[in-house]
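Could you build all of it, start to finish, from the sequences and the hints given here?
Sequence positions in the sequence shown follow the working numbering and run 322 to 460.
Hint data in this document are derived by calculation from the structure and do not stem from the laboratory. Using N, Cα and C, we set each Cβ at its ideal position, and we do this for glycine too. Take these hints with a grain of salt, some might be off.
As the list claims (entries may be wrong) - Pair ranges (Cβ atoms, derived):
| hint | residue 1 | residue 2 | range |
| --- | --- | --- | --- |
| 1 | Ser331 | Leu355 | 23 to 29 Å |
| 2 | Thr415 | Leu332 | 16 to 22 Å |
| 3 | Asp366 | Pro426 | 20 to 26 Å |
| 4 | Leu332 | Ile425 | 26 to 32 Å |
| 5 | Gly381 | Lys424 | 15 to 21 Å |
| 6 | Pro426 | Leu332 | 36 to 42 Å |
| 7 | Pro421 | Gly349 | 21 to 27 Å |
| 8 | Thr340 | Glu432 | 28 to 34 Å |
Said to hold, decoys possible - Derived BS3-like pairs (lysine-lysine); straight-line CA-CA distance at most 25 Å:
| hint | residue 1 | residue 2 |
| --- | --- | --- |
| 9 | Lys388 | Lys431 |
| 10 | Lys344 | Lys420 |
| 11 | Lys344 | Lys424 |
| 12 | Lys388 | Lys424 |
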Amino acid sequence: IGGGLALSLSLPSASNPATSGLKLSYTGLSVAQLESDIGRELPMDGGTIDLSGEGTINGGLLNLPVKVTLNDTTLNAFGSAVPLDNFPIQVTVTGPLDKPSLKIPEDAIKEAVLAGGKQKIQNLIEEEAGAKIKDLFKF
322 IGGGLALSLS
332 LPSASNPATS
342 GLKLSYTGLS
352 VAQLESDIGR
362 ELPMDGGTID
372 LSGEGTINGG
382 LLNLPVKVTL
392 NDTTLNAFGS
402 AVPLDNFPIQ
412 VTVTGPLDKP
422 SLKIPEDAIK
432 EAVLAGGKQK
442 IQNLIEEEAG
452 AKIKDLFKF
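Written out as structure tokens, the structure is:
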């Protein structure tokens with residue numbers, strides 16, 4: 322898939338025989354390649370994803386909070402195309418190991434759209450201000 326993967330699994334201890342620890346890190350995961358590998362379209366175009374998380378496996382059930390960082394991508398949500406770079410979203414992978422589910426807080430997507438909108442407005446203001454300043458100092 323591209324990028325770098327690091328995975329660490331700690332075995333159960335005598336004091337906690339049912340629980341194993343899990344650490345995951347993946348950098349530079351291509352959005353396009355991920356879509357191809359999973360056979361479905363994601364709500365973003367281009368860029369890469371970085372993943373990092375630490376959780377547990379207890380009795381065959383996974384609980385893995387994961388920080389997902391969207392890099393140089395465009396998020397398509399709520400009818401908007403929002404450019405994002407170095408934008409973190411906290412998700413959780415839970416459930417049985419053979420059929421885990423992914424929980425993405427709706428607030429995280431709303432925050433991404435708001436942050437992208439603020440950045441668009443800031444860029445527009447900077448472009449307009451720059452043009453006005455150039456007009457003032459024409460020689």
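A quick look at each hint next to the structure:
no.	hint	in the structure
1	Ser331 x Leu355: 23 to 29 Å	holds, 27 Å
2	Thr415 x Leu332: 16 to 22 Å	holds, 21 Å
3	Asp366 x Pro426: 20 to 26 Å	holds, 22 Å
4	Leu332 x Ile425: 26 to 32 Å	holds, 30 Å
5	Gly381 x Lys424: 15 to 21 Å	holds, 18 Å
6	Pro426 x Leu332: 36 to 42 Å	violated, 31 Å
7	Pro421 x Gly349: 21 to 27 Å	holds, 23 Å
8	Thr340 x Glu432: 28 to 34 Å	holds, 32 Å
9	Lys388 x Lys431	holds, 16 Å
10	Lys344 x Lys420	holds, 19 Å
11	Lys344 x Lys424	holds, 18 Å
12	Lys388 x Lys424	holds, 12 Å
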